[in-house]
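Spelled out, the chains give:
Protein chains: 2
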Amino acid sequence: MPRSTLLPEDWITAATAVLIDRGIDAVRVDLLARELAVTRGSFYWHFKDREDLLQAVLNGWRDAATEQVIHRFEGRQAEPRTLIAELISLPFRGRAAERAARIELAIRAWARRDALARAAVDEVDARRIAYIAQCFSALGFAIAEARSRAFLLYAYEVAESLLARQGTAAQKKERSALLQRLVLARLD
Amino acid sequence: MPRSTLLPEDWITAATAVLIDRGIDAVRVDLLARELAVTRGSFYWHFKDREDLLQAVLNGWRDAATEQVIHRFEGRQAEPRTLIAELISLPFRGRAAERAARIELAIRAWARRDALARAAVDEVDARRIAYIAQCFSALGFAIAEARSRAFLLYAYEVAESLLARQGTAAQKKERSALLQRLVLARLD
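These protein sequences, in sequence, are chains A and B.
FYI, the numbering for the first sequence is 1 to 188, going by the numbering used here.
FYI, the numbering for the second sequence is 1001 to 1188, going by the numbering used here.
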C-alpha cells in the first residue's frame, strides 16, 4: 500500500472540523478517511488508533491555547493593566477569536463525558487562571485576592463565548468596560 | 396493543438521563424503549416523534429554570441585596444544584449544534439576566449599568458550573465573596 501523502496534521484538522460540526461521536476513522478520500488503512501510518488521534487533537489545542497565553504574558514587556485589558477584549477579536471559541466549546462539550478531554480542559483552565493571577499580583493584589480576581475575569471570558447571543454589540462593549473597572477596583 | 402505563414524564426523565450521560445523539426512541422495557410502539401514545419528545425535554427544563427564577424573585418580598447574595450562592447548593448544573451543561452542549435547543437556552439566559437586572435596578443602578452588572453576575454563575474543577472549596468561597462585593460596588 502506498504511503499516504497526508500529514498527521491533516487528520487532526479534519477531526477537529467534525468535532465542531457534529460532536465527538462522529469523529470516526472510517468517516474521516472517506472525507479525506484516502483509505482507512492509511490512517494507521500516523496514528495507533482513534484514541491516539483524539489525544493529538487535544494536545494540539492545549499547546495552542497555552502558547497563546505564554506569548501574550511572557513574550513581551507589557504592563499588567494592558494585559488585563487585552484579555478582556479577547472574545471580541473577530473571526480568529470566533473560531477559537467554537473549537473550545466543542472540546468543553466533549469533556463533559470524557476523562481525556476533561484533563486537557482542566489543565488549560488552570494555566490560564494562574497567568491571569500573576497579572493581578503584579498590580499589588494579595495572593488569594489576585487568584479570585483572575477567576472572575476568566469566568467572564468563558461565559462571554458561551452567552454570545445575549445582548447587542453595544451592550457587550458596556459590560466588558464595566468588568474591566470592577476587576481593577480596590475595595474599602 | 395495550396502552402503556408509562406517563409522558417517564419518557422525558429517561431521555434527560441519557442526554446527560451519553449526549443528544444517544437519545433515540428505540434505545429508550429498551431501557424502559416497553415496546417502541407505546412511545407513540405520548409523542408524535423523536423531535416531539426532545421539545418536551426542552420545555420541561425551560419551565423549571424559569419558574425557579420567578419564584425566587417575585414569590416573596426579599430585599434585592438578599436576592443577589442568594443568586451568587446558587452553584453551591449541594446535590440539587449539581444535578441542575449537569442537565444545563448537557443542554448547552446540545445547543451548540441544534437550533431547537439553542432557542430554549437563549430564552432561559435572557429571562434570567432580565430578572437579575431588575434586582440591580431596584438597588438604584441605572438601566444600562444594571444590565451589565446582571450579565457579569450571571456569567460568574454559568462559569462556576463549567469551571467547577478549578480551585478548592475555600477558594470558591473567596471568589464568590469577592464577586458579591464587586458587583455591588459603586464606582467613582
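No lab work stands behind these hints: they were computed from the structure.
Certain hints may be false.
What the hints assert, rightly or not - If we take Cβ atoms under 10 Å as the criterion, some of the chain B residues that face chain A in the derived model are:
hint, residue
1, R1108
2, Y1131
3, Q1134
4, Q1171
5, L1182
As the list claims (entries may be wrong) - Listed next, the in silico EDC-like pairs over lysine to aspartate or glutamate satisfying Cα-Cα at most 16 Å (straight line):
hint, chain 1, residue 1, chain 2, residue 2
6, A, K172, B, E1145
7, A, K48, A, E74
8, B, K1173, B, D1030
9, B, K1048, B, E1009
10, B, K1172, A, E145
11, B, K1173, A, E145
12, A, K173, A, E86
13, B, K1172, B, D1052
14, A, K173, B, E1145
15, B, K1048, B, D1030
16, A, K172, A, E74
17, A, K48, A, D21
What the hints assert, rightly or not - Away from chain B, derived, C-beta distances all over 10 Å, residues of chain A:
hint, residue
18, D30
19, H46
20, V158
21, R181
We put the beta carbon where it would ideally sit given N, CA and C, even for glycine.
Here is what the structure says about each hint:
no.	hint	result
1	R1108	7 Å, holds
2	Y1131	13 Å, violated
3	Q1134	16 Å, violated
4	Q1171	7 Å, holds
5	L1182	5 Å, holds
6	A:K172 x B:E1145	12 Å, holds
7	A:K48 x A:E74	36 Å, violated
8	B:K1173 x B:D1030	45 Å, violated
9	B:K1048 x B:E1009	15 Å, holds
10	B:K1172 x A:E145	12 Å, holds
11	B:K1173 x A:E145	12 Å, holds
12	A:K173 x A:E86	13 Å, holds
13	B:K1172 x B:D1052	40 Å, violated
14	A:K173 x B:E1145	12 Å, holds
15	B:K1048 x B:D1030	14 Å, holds
16	A:K172 x A:E74	28 Å, violated
17	A:K48 x A:D21	24 Å, violated
18	D30	17 Å, holds
19	H46	27 Å, holds
20	V158	5 Å, violated
21	R181	6 Å, violated
In this structure, the earlier hints numbered 2, 3, 7, 8, 13, 16, 17, 20, 21 are contradicted, and the remaining ones agree with it.
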